[in-house]
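**Q** Residue strings, one per chain:
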Amino acid sequence: MKKTYKIDVDCAACAEKMQEAAKRTDGVKDAVVSFMTLKMKVEFEEGADVPAVMLEVRENCRKVEDECEVYI
Amino acid sequence: MNKKQKNLLTRIIAAVLCLIPTIVLDGIIPTWYLKLGLYLIPYLIVGYDILRKAWHGIRNGQVFDENFLMTIATFGAIGVGVYDAVHGGKGDYLEAVAVMLLYQVGELFQSYAVGKSRRNISDLMDIRPDYANLWEDGQMVRVDPEEVETGSVIVIQPGEKVPLDGIVIEGSSSLNTAALTGESIPRDVSEGSEVLSGCINAGGVLKVRTTTEFDESTASKILDLVENAASRKSKSENFISRFARYYTPIVCYAALALAVLPPIVLALGGRQPMIAEWIYRACTFLVISCPCAVVISIPLSFFAGLGGASAQGILIKGSNFLEAMADVRTVVFDKTGTVTRGSFEVTSVHAGTNDEGGRGDEKSISGAGPAGTFSREQLLEYAALIEAHSSHPISQSLKRAYGKPVDLSRVTDISEISGQGVYGKVDGIPVAAGNDKLMRHLGMEGCSCKEAGTIVHVAVDSRYAGYIVIADELKPTAQEAMRELKKAGVMRTVMLTGDTQQAAQETAAQVGVDEVHAGLLPEDKVTWVEKLLSEIGGRGSLAFVGDGINDAPVLSRADIGIAMGALGSDAAIEAADVVLMDDDPKKIAKAIKISRKCIGIVRQNIVFALGIKLICLILGAVGLANMWIAILSDVGVMILAVLNAIRALFVKNL
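Here the protein sequences line up with chains F and S, keeping their order. Using my numbering, the first residue of the first sequence is number 1, and each one after it goes up by one. Using my numbering, the first residue of the second sequence is number 1, and each one after it goes up by one.
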């Protein structure tokens, strides 16, 4: 399953970091962050608990870039 | 400016105001630690968040980022100043403050420029409807378009955006499709016509029954496509993000080596190690090494390119296709719907016997000409009637040319000979319409005319009565489109068609296509594209242009599949890599030019930014560039690269 989320972040390199952080999260198969459109597209693993995974994604993103936001 | 940007601007101004008196009084400050304190105030005002982020990064194992680079570099510069002051020197802290200040000015500019172009591009694609006027119990209610169910009736007033796709049930107007197609050619609609969301009602009030929900409407789909395009990253973008991942750590270690190795070597050689000097050089090195200019300008260029293209009615589904598009050397066309309109039209009607000398049978034709020949209208009438039961495009075009409602009760005893035509009775008179084989079958000789197109011979009452020529019309801009393609650097244009050799040759000659291959079945087209691909062998890419109907396999086989006239056709939007919203073939050349411009800008930025960095790094390492040059080159390169990237948005006059 794929879902797109709005995000907020300040720089292109930070967006890149968020993408890597999201990819590392359990339950996430793939993630693409577009700094230009401020969107995060997440592909979940089969049977993943989407809301829980997204909380985790946001947590991981905050670790690498504390001033970022993922609108779940 | 948003809140964050205003905040940063305020801090920059405050830091400058603090800094000025300190600089003026610099010479008369009695002690070095008081001077350091005075310089630290503006430093912390403008740079505290950088320090915090660097600290945060270190704690979370994200060591090598820009914040870290700036923190280490400025700390190093301050440390060198302190060392200098303690050893009786003047102690210069201004550089460290200036580096932080200018870095933040650069950040502010970058954030502002990106936000601005983000808004510019969404303005260009201003097709998202804000509301819909729902018609309920004779009342108009303004609602969110997402809440409107399929089959509801909505009212579109003059000047309003069409919020959802639907069918007009009342009223007539003309729609401005500029936001969708890039061309402001009005499209007239009246009862029964389809309207697409995203158009603007330029005329009267329309009542429309919706046929889609908001998420499925044309406007939503296009917006989705444009937004998703940015997530399909090109080779250059991937290169840059990989580059940034390795580059920063490498530079950090290089700086460390620069700070440590030369003093050791000098000390071993029995000379003065000059530790402060080498630490200063290492800090300069770090300042120069910030990769921001490249990291921001490459995706920005692509985004601006994609945005500019979509404003022209050219939807490119990803930066990777923009890249491939810039490299197109061969363009393959499907004939129908691309070079030609794809709608068959009666181009001429030739009434007249083949001169068998026979006179017309008075009773058979009401109002027949004195010589027994028929008027063109009559010929058309017979042909339209006898073909009325068929749904073949040819009979459709006969009906359209006839222009009057067809009275089916006049037609009896219809039979069809596949591949030849039909015969039967109209008003009780035997009529036959078909190709020359049918005429021979009926014992007549059709006129052997040489006109291009499909020829329908008509026989009435067992006598040859004339023929009608039906042809697919060339698109008015087809010839110009081919010239434009050649001008845009396309080496080879190829037309593939299922048509007969003769008709295809003629069309090819008319529009000026290099090669033509006729008589092809849809699967032959895939074979041909594969053959062409192997002939090219990787030198430039191959684009296939089709109308999106029945050519999905070819569209996906080519390097780039371009579907045209795709407004409202889901299949085409799905299958193609590039979607031309209207059906103007000139847009193909335009799409190539837009891609070239965008890729050109990307290359300029990579070469320019990395080139300047490299030069400065070398100058810094050998001690020819101080920290001022380092930060000015860093911010300057970034500003120029961003401004250059925004140029990709301006593609209207290409």
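Take these hints with a grain of salt, some might be off.
Reference listing, derived: stretches of chain S covered by chain F, where coverage requires no fewer than 3 residues with Cβ under 8 angstroms from a Cβ of chain F [said to hold, decoys possible]:
no. : region
1   : 107 to 121
2   : 186 to 193
3   : 225 to 233
4   : 289 to 300
Derived by calculation from the structure, the hints in this document are not laboratory data. These numbers were taken from a predicted model, which means no experiment stands behind them. Quick reminder that beta carbons are idealized off the backbone N, C-alpha and C, glycines included.
**Q** Sort out which numbered hints this structure fails and list those numbers smallest first.
**A** Violated hint: only 2; rest satisfied.
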